[in-house]
Each structure stands twice: as structure tokens, then as C-alpha cells.
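Student: Whole structure, please, built from the sequences with the hints as guidance.
Respectively, the protein sequence lines represent chains B and C.
Take this note's numbering: the last position of the first sequence gets the number 375, and nothing is skipped along the way.
Take this note's numbering: the last position of the second sequence gets the number 375, and nothing is skipped along the way.
Quick caveat, the hints were computed from the structure, so don't treat them as lab data.
Check before you lean on any hint, since a few could be wrong.
It does not matter which identical chain is used: a pair holds within one copy or between any two.
Stated by the list, open to error - In silico DSS-like cross-links for lysine-lysine, where the CA-CA straight-line distance does not exceed 27 angstroms: (1) K91 - K301; (2) K112 - K256; (3) K265 - K301; (4) K116 - K223; (5) K116 - K226; (6) K131 - K303; (7) K294 - K243.
Because the structure is a prediction, the values reported are computed rather than measured.
2 protein chains.
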Amino acid sequence: MKDLTERKQKILKAVVDEYIENASPVSSGEIKAKHLKDISSATIRNELSALEEMGYLIQPHTSAGRVPSRKAYGLYVDKFLVDHPLTPKEIQIIEESFNERFDEVQDLVKRTAKVITDVTNYTSVIVLKNIDTVRLREIKLVGLDEFSALLIIITDNGIIRDKVIAYTEALNEKYIAEASMHLNAIFAGKMVGEITSDEKAQKLISAQFKKYKELYENIIKVLKKYATNAESNVYLDGEGKFLEYPDQDIYSTKDFLEAIDSKERIADIINNDNNIEFSVKIGKDESGGIEKCAVVTAKYKLKGKEIGHAGVIGPERMDYSKVMSVLSYIGKTLDEITDGGKHGQERLNSTEQTGKPNQRRTNDRRGSDKDSK
Amino acid sequence: MKDLTERKQKILKAVVDEYIENASPVSSGEIKAKHLKDISSATIRNELSALEEMGYLIQPHTSAGRVPSRKAYGLYVDKFLVDHPLTPKEIQIIEESFNERFDEVQDLVKRTAKVITDVTNYTSVIVLKNIDTVRLREIKLVGLDEFSALLIIITDNGIIRDKVIAYTEALNEKYIAEASMHLNAIFAGKMVGEITSDEKAQKLISAQFKKYKELYENIIKVLKKYATNAESNVYLDGEGKFLEYPDQDIYSTKDFLEAIDSKERIADIINNDNNIEFSVKIGKDESGGIEKCAVVTAKYKLKGKEIGHAGVIGPERMDYSKVMSVLSYIGKTLDEITDGGKHGQERLNSTEQTGKPNQRRTNDRRGSDKDSK
DNA sequence: GTTAGCAGTCAAACCTTTAGAGTGCTAAAT
DNA sequence: ATTTAGCACTCTAAAGGTTTGACTGCTAAC
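Tutor: In C-alpha cells:
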């Protein structure tokens, strides 16, 4: 009775599939009718009972069917995912959405979030790698008026951020330009983490470049702020989608909304286990998560460089196969448009050639190359 | 029976006040007990009946109390608002929030939204004036690499936006700098509307500055996009607050969420009647609005310049007096910190002196200087 | 014009009943 | 030793029926 026999697995898969589809407890009769016509419901009941004892199923009350437990979803994601080919319509949505040219990485990120939502019908989320762990390509300083300048931070993966910084003494254009050069020499190529954590070097530089001290310190401050600021790294789309799966009880809806509200929390959840290709986090446990929700994410790569994670937040009973197929397809599409052999590695910045839309058409796709939680 | 006698007004006000407080239909007995002890409930019933006939009240069913109609709210906002002094704690929240220095107008805007939500406990919304109707102070072009540059748009009210633009031919730094100067000469001081709508001038310029044609056209495109793009002008905070007034039925919650989801719609509602100091839009009517919700906004000024509208989206039965008092107080506070006689008009850009927080302390405040819908 | 008093209405809360979906168990069949 | 049929049992959800009490509307007296 301790073994997960093949038949038990089949039945378990049937329960999960059925529950994902209908959101109501699955009965033995239902399984017999739709999945395993050749054994009797009584036998299935025995198996269900065993599976319940093993912790895979939950019975809301004695005379109800069974509902998958978190453990069951975990196993399901590990073993039972099937290839879920995208419909031509879905493919079309994705292709069209990426056919338009983009000038800026952030644009593309937003668009990706939107398309994930459109195709999966779940709330989508993209969390970019913390600027902390990313190399600076360049910083620029552009004077705005005598008391302020725009600091432009360009990271190695092509993301551009900027921020106004102000200073107390009036500075002229020339001074700014000079400072910009000097400071750039210091910052370029370094990781933000390196700069902000290395107090010694900071002091040294700060002393060496006395003239630019205030500016330098301001810049460090801005970088530090970005490094600890989830806000600017988290992109959401389709926050209202949860209204479309209303089988959840009030509690989890509230937890969902609270989670959605706090970008820090989202970032924490998604950055938690971020070294695997696909990550699936089901429900809330010691290490975080969202009550009654599942978070499925995949590595988000642009031009071969990993720039963060992209995925979906939905009910536990989400259509995992579909979501993973969609994420996988989108990943592949992004790969193609950003790394289509057009430019060498050195130009892997934020811009894409203007003019005609990228030509591509691929209908084959891999199913679920997963890794699971 | 056609006149809104003084007593009727009192009763109407009582109904609205009571309903705002308790969210349940108001009965004649309640009014007698809490508001008009010296007339009998029977008399009040007669009056209620008359008020209902006049369209101010609605009876959900025969044996229920009365609920205010939209017409009643309108009258209430017009005539019955009272001065609603802020508590010391509320004042403290506001003051503290603005005491920190800010470098950028957008920062201040976000902070304003946050503080409105914190103090009123409603979802707050700030809609900046469309860039279309605002004069450009300056544009800058900063080369990022040979195929792209960052376009920085600085408007007359100190708002900074930027956008990467890409071009097809490699351009060097010098070229960009030159173009930046030339183009700036063309754009500075003009309103975006002027530039984008005047096709003739566009053609002319485009011919005259042949060298910069592609750039110029790209810039126009970006400006046009901003001009028609609500997204970047709408700031929300406290989107989840609606959970805290759950007396609404499912429908209106849905409409609320849908409205919140679409920044265009928000912008439409708020820009609709934007020439009055305070605007109150109750419920949904021909000209838009949100079912069962009220939108209260005030002009949002910085350094004496009107830069948009700030306000609140909440249930129809919102605490109008309080909201208006809060908006008014915040408006006054902003006036003081941004125009405290520190700099002349010419420096009304985005920066504020660094260092010590602004010193100010004002506890007097005006109540409700309203204008109403 | 106002009020007291009372009949009438209606929603909400609370039961009770019923139906049926689904299980668990037992004993027979394989 | 499994599998299955059969049946008693459980529990929810839906439907129907009462009761309660909060209101109103009306009438007749003040």
C-alpha cells in the first residue's frame, strides 16, 4: 500500500486533470467514466482512499470527491505534464506582439508580460535581475540646469534607468561633462554590488576625486537605492484576471491581492529559487508563496543573457502544461528575435533595427522542459 | 410639496450622513434618534416620502429605509459639506511625507498619491496634464551607442520623460550633439500639440534639416505617442483599498477593477471636467464615470503651475467632507514647499534644495472650498 | 401641519425536508 | 489477493416554510 503503482499514478493524474478543468471535487465515478473505463468505481475508490492516506488527496467532507493536495500538484508538475501545443491563434498573438519593433528593453519586457497574460489568461509577472548582480555598461550624466543632472544608468543587459540628482552648488556644463567622464571610468564594467559594498574603494575614490565628491556620493546613493528596490524590477500585467477564477475562497483572494500589491513580496517569491529553468511554487509554505496560488516562472533571456524571470501567478489548479508550453514558446520566440544572428555579441544592447518587422515563422515547439520546484 | 424646505434639507442631509457612516438604508426612527429629536418619526416618514418623490431618495424595497440617490449626493456635495478638520495625526502624516527632499517631479507625484491614500483610505489617483498641452522646456539627445540615443524631454512644469530612439545608420557622438542642438532650437518653448498637429511646419522643418530627418521624425513619433498615451500620465496608489468597503455588490466591484485597470478610462473621467477647482463625479452616467463609485479630484499645482488633477476614487458613499479637506490641505502644503519663496520663477523645475528638510508648520486650514460637479 | 397608533410588507434568519451525489464497507466473484 | 457489485450511510445543497423585526403607509385624533 506504500507504493505509487502505475495505476495509482494514473488515477492521481486523472484527479488533478479533472480538478484543473472543473474546479470541483472529483468522484470515483467521474474518473471511471472519463479516464479509466475498464476498472470499477469501487476499485478506484479503494485507490483513492490509499492515495488520500499517502497525502496526495484531500476529501473536503466524507461524502465528497477528492481534491489534489499540494503534494499532488508537485508530483503532477514533476511527472505528468504533457506537451500542450499552442493553437494557431495563440501563436499568432505571440508572433504579432513581438513583430513590432522595440527600442528599449523595458518596452519588450512590458510587452512580454502582456502577451503572457493574453495567452494564458493569468496574471503575469516578470522580475528582472536585481541591478545589484548586473554589470554596469556605462553611466552618463546630463546636466539639466545648474542644480541638477540626469543620471543615466545603462546595464550590461541593455536596461536603462535614470534618475534626477540634485546638488547644492551650481555646476556648469563643462564640469558635468568632465565629471561624467571621470565617474564613468570608475563605474563602467563594475557590478553595482561591487561598488556599493566595497566601502574601502568608495572612500578611496571619494578622496581621489574630491572635486566630484558630492556627485559621486549621490550616484552611489541612487545605485544603492536601485539595488534594494524591487519596485522598479517587477512588471505585472493582468492583475484583474483573478476575477475570472472565482472558485477560490475569500481568504486566498485577499492574499492574492496583497501579494500583487507588494512588489517586494513578488520579487522574493520569484528570486527564491532562481537557478532552475522552470520554477513552480505551489501554495504558501515556510519559504513564502501565496495561499492557494501557484507561481510558475521560467528564466527570461534576451540575446542569450539571462535578465530575470518571467511567469504567471494563478490558482493552484492552473493549467500547468499550457502555461509551461506558453512560457517555453515565448522564450524561444524572444531568443529568435533578439539573437537572430543579426548582430554580434557586442551589440547586445537595447535597440533593434528599425524598419521592417522581423521575419520569422515557427510552428514547431518543444513541450515542457521543466525542472520543477 | 415641490419645495425643498429647510426641514427637508436637514432630513436629506441626515440620510446622506447616516448612509455614509453606516452603509445601510436609513430609517425614519434613526433620523429622529440621531438628528431630529424634536419631530416625530411619522412626520419624518412623510418628508422622506416627499423626498423620494422628488428623486433624492430611493427605497430598496417597501419595508426598508431610504438610500440616497445620485441626485442626493450631488446636492450634498454642493450644499452640505462641512469643514472637517484634520486630526493631528493626519497632519503629521502629510507633513512628514513631504518633508523629505525630492529630486524629481514624478517622485513628488508618487508621494502625493501615496499620502492621499494613507490619509483618506481610498484609492488615490493623479492624472498629469497631457504633455500635449504643455510647453517643452528643452529636449536633449544623448547617444547610447551608434544606433540609438536617449531622448530626454523636459517640460515646462518640470516633468522629465525619456525614451530610447533607434536609427538605421550609425551616427557618431558629434553628429548627435549637433542634432541635439538643432532640434532643441526647433522644439524648445513649443507646445507638443503645436508641433505634432502642425503638419505644414513639420514638412518644412523636415525638409530644412534634411540631415536630421530620420531623427526628427522619430522624435515627433515619440512625442505623438506620449501625447496620446494616458499610461504615463496616470498615477494610482492604494488600488486594493476597495476591499475595505465591501458593501458594494459584485457588479460595481468589477466595474471598479476594470476602471482601475484602464488608465485611459481614468484619464478620461478626470480630464472630462477639468476646469474647476474641485470636481466630483458620482456614479456612472452618459459621460462616463464608474458604477457606484465617486471620483473626487482637485487641481494639482506645483509652484503655482497647474500640472494636473489629484484625487480619490471610492464608493459613492464616500466621506466627501474629509476627502475634500484632505485634498485641500495637501494642495496647500504642496504650494508651500514648492513655492516657499526660495527660488524665483525661472527655477521652477524639478529639483529642490538638498540638505535639511523644509521647515514649515501650519495647522490652520481651510475647509472645503469646493466648486462641485 | 403634526403625531400616535396600528396594520401591512418585506427581507433576513432560521428551520426542516428532500434529493442526490458520493463514499465506505461487506461479501461475493474472479 | 484483487476486483467488483451492492447497499447503507453521510453530508451538502437546494427548496420550502416559519418567524422575527424593522420599516413604512395610512388613518384618525390632536
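Student: Between K116 and K223, at a C-alpha cutoff of 27 angstroms, which is it: within one copy, between copies, both, or neither?
Tutor: Classified as between: cross-chain Cα gap 23 angstroms, same-chain 32 angstroms, threshold 27 angstroms.
Student: Within a copy, between copies, both or neither: where do K131 and K303 come within 27 angstroms Cα-Cα?
Tutor: So K131 and K303 pass the 27 angstroms test inside one copy only (11 angstroms; across, 37 angstroms).
Student: My question is about K116 and K226: at a cut-off of 27 angstroms on alpha-carbon distance, are they close within one copy, between copies, both, or neither?
Tutor: between (29 angstroms within a copy, 22 angstroms between copies)
Student: Classify it for me, K91 with K301: is the Cα-Cα distance of at most 27 angstroms met within a copy, between copies, both or neither?
Tutor: Close inside one copy (24 angstroms), not across copies (46 angstroms); limit 27 angstroms.
Student: Which holds for K265 with K301 at a C-alpha limit of 27 angstroms: within a copy, between copies, both or neither?
Tutor: For K265 and K301, the Cα distance is within 27 angstroms only inside one copy (18 angstroms; across copies 30 angstroms).
Student: Checking an output row: K112 and K256, CA cutoff 27 angstroms. Within, between, both or neither?
Tutor: both (25 angstroms within a copy, 24 angstroms between copies)
Student: Please sort K294 with K243 into within, between, both or neither, judging by C-alpha distance up to 27 angstroms.
Tutor: Close inside one copy (15 angstroms) and across copies (21 angstroms); limit 27 angstroms.
No hint from the list above goes unmet by this structure.
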